[in-house]
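A.B. asks: Since the structure of chain A is provided, determine the placement of chain B on it from the hints.
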Amino acid sequence: GAVVSQHPSRVICKSGTSVKIECRSLDFQATTMFWYRQFPKQSLMLMATSNEGSKATYEQGVEKDKFLINHASLTLSTLTVTSAHPEDSSFYICSAGNYEQYFGPGTRLTVT
Amino acid sequence: GESVGLHLPTLSVQEGDNSIINCAYSNSASDYFIWYKQESGKGPQFIIDIRSNMDKRQGQRVTVLLNKTVKHLSLQIAATQPGDSAVYFCAGGGSTLGRLYFGRGTQLTVWP
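Residue numbers (this note's numbering), protein chains in the order written: chain A, 1 to 112; chain B, 1 to 112.
Keep in mind the hints are simulated off the structure, nothing from the lab.
Do not take every clue at face value.
Stretches of chain B that chain A covers, calculated by requiring three or more beta carbons in the stretch to come under 8 Å of a beta carbon on chain A [as the list claims (entries may be wrong)]:
| no. | segment |
| --- | --- |
| 1 | 28–41 |
| 2 | 50–61 |
| 3 | 103–111 |
Backbone N, C-alpha and C define an ideal beta-carbon position, used for all residues, glycine too.
One chain only, chain A, in its complex shape (with noise of 0.2 Å):
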C-alpha cells in the first residue's frame, strides 16, 4: 500500500524558534497534500491543502504566516511552524493521496 513518512517524528524547541516538518510520500507521487493537527483527545483538524508548484491553500482560522506550507515536488511537502509558542504544542500529522487520503506517523512538537 501508499506509504507516507513524516520526519522528525518528535521535536522539542524553545519558544521564538522555527520548526520545520517533512512529508514524503514515499512510493507515489501527489499533487496534493494535506496538514491537520491533533490535540490530546481530540479528533484531527485539518489546516492547510498543500499544491505542489502553489500555493497552499488554508483552512479558516489558521495563521498562514505562522505556518508555512511548501510543496516544493510530488513527494515532499513542508510545514515549517514560524516562531513556535507553548500552545503550538501539538500533533501535527499529513495525508497524501491521489484519492484515498493515507497518512503519515505523526510528528510530536513540544514548545517549551
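C.D. replies: Showing chain B alone in chain A's frame:
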C-alpha cells in the same frame, strides 16, 4: 464545511463480540466517507471507505453501512480482538477535493 460527529465517545466490548461504532454527518453534499483507526501516538490508519452511491461495503472483519436518508454511517467489527482497541474516527468529504473532516472519535476498548 462538514460536521461529522460520533454518537459515543467510548465503547467497551468483550473479546469475540461484535462492535458497532456510529457516526452522523451534516453535509448532504458529502460523497465519500472513511473510517480510520488511530492507536496512541500514531497517525490514522485506513480501515475502509464508502462512496455515497453505495449502502454497504465489506472488508476483512469490518463492514461499513451508509444511510444517506438520515446521514448516518456505522462501522461494524466482527469478532473484536484486543488488537482492535484504538480510537476510531469517521471522516467525510467530497471525493474530488480530498479534504476530509473528522468526527470526534470513539475509544474502543476490548476486554479479554
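A.B. asks: State for each hint whether it applies.
C.D. replies: The hints, checked one at a time:
1. 28–41: Since 3 is at least three, the answer is holds.
2. 50–61: violated (count 0)
3. 103–111: holds (count 3)
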